[in-house]
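Q: Sequence:
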Amino acid sequence: MILDNKAGINILKNILLVEYAMKITVEQITESPKDVVYNENIDELNRIYSEAKIQDFHFPAVIEVNLIYYRSGEDLFFTGRFRGTVEGCCSRCLKLYSFPIEKNFDFVLTPQPQSEKKRELNTEEMGLSFYAGKEIELYPFIREQVLLSLPIRPLCDENCRGLCSGCGANLNDEVCLCFDPKADARMGIFRALKINQQ
Numbered sequence: 001m002i003l004d005n006k007a008g009i010n011i012l013k014n015i016l017l018v019e020y021a022m023k024i025t026v027e028q029i030t031e032s033p034k035d036v037v038y039n040e041n042i043d044e045l046n047r048i049y050s051e052a053k054i055q056d057f058h059f060p061a062v063i064e065v066n067l068i069y070y071r072s073g074e075d076l077f078f079t080g081r082f083r084g085t086v087e088g089c090c091s092r093c094l095k096l097y098s099f100p101i102e103k104n105f106d107f108v109l110t111p112q113p114q115s116e117k118k119r120e121l122n123t124e125e126m127g128l129s130f131y132a133g134k135e136i137e138l139y140p141f142i143r144e145q146v147l148l149s150l151p152i153r154p155l156c157d158e159n160c161r162g163l164c165s166g167c168g169a170n171l172n173d174e175v176c177l178c179f180d181p182k183a184d185a186r187m188g189i190f191r192a193l194k195i196n197q198q
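Under the working numbering, the sequence shown has 104 at position 104, and the numbering climbs by one with no breaks.
To be clear, the hints were calculated from the coordinates, so they are not data collected in a lab.
The reader is advised that the hints may include incorrect statements.
[What the hints assert, rightly or not] Below, in silico cross-link-like pairs of lysine-lysine (BS3-like), each with a Cα-Cα straight-line distance of 27 Å or less:
id, residue 1, residue 2
1, Lys34, Lys134
2, Lys103, Lys23
3, Lys103, Lys34
4, Lys34, Lys23
5, Lys23, Lys134
[Claimed, not checked] Restraint ranges, calculated between C-beta atoms of paired labels, are given here:
id, residue 1, residue 2, range
6, Ile48, Phe99, 16 to 22 Å
7, Arg161, Ala132, 50 to 56 Å
8, Gln112, Asn172, 48 to 54 Å
Note that CB positions come from ideal geometry on N, CA and C, so glycine has one too.
Let the sequences and hints guide you as you build the complete structure.
A: Structure below.
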């Protein structure tokens with residue numbers, strides 16, 4: 001519960017702070033919006049990338065989620081915002097760097113139809129997700145939103161010069177010396193020509 005002071009009036013808000021594995025009982029979701037603030041565990045997100053061929057991202061800390069939820073009939077509405085920090089591997093220079101992520105999201109859950117055909121129609125035309133049972137586990141939906149917020153090609157900087165294709169030097173930090181005209185046999189004819197002219 002958080003107590004705000006606005007215009008000399010104390011306003012009590014229904015806000016909870018929860019750690020990990022956020023589940024909400026369907027019966028507790030009412031037409032009156034409720035707020036919850038919780039930290040989403042990042043173990044599963046890290047597992048996904050640790051098993052991938054290209055390990056572009058790592059989550060060093062929890063993802064903070066601010067969520068508002070309510071119902072209209074049997075449909076359940078969720079809206080909110082998440083924020084956290086991600087460690088990325090630059091796709092150009094392979095340098096590890098950290099960057100913040102923050103994104104608004106919203107999704108609607110509707111009761112799972114008995115008919116498979118009707119379920120496919122609803123999913124394709126209405127963009128809805130379904131729920132069944134007495135509890136809603138939020139992690140799969142938050143995970144999807146987090147993954148969608150990540151860059152397709154992580155870059156430590158838009159102007160990153162990347163690595164030298166010859167010697168692998170980081171061109172952001174040093175001058176590449178792998179191509180030296182004096183050491184290149186193909187340049188010998190030009191050096192000889194210059195000597196003869198003299």
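Q: Could you work out which earlier hints the structure fails to respect and list their numbers in ascending sequence?
A: none
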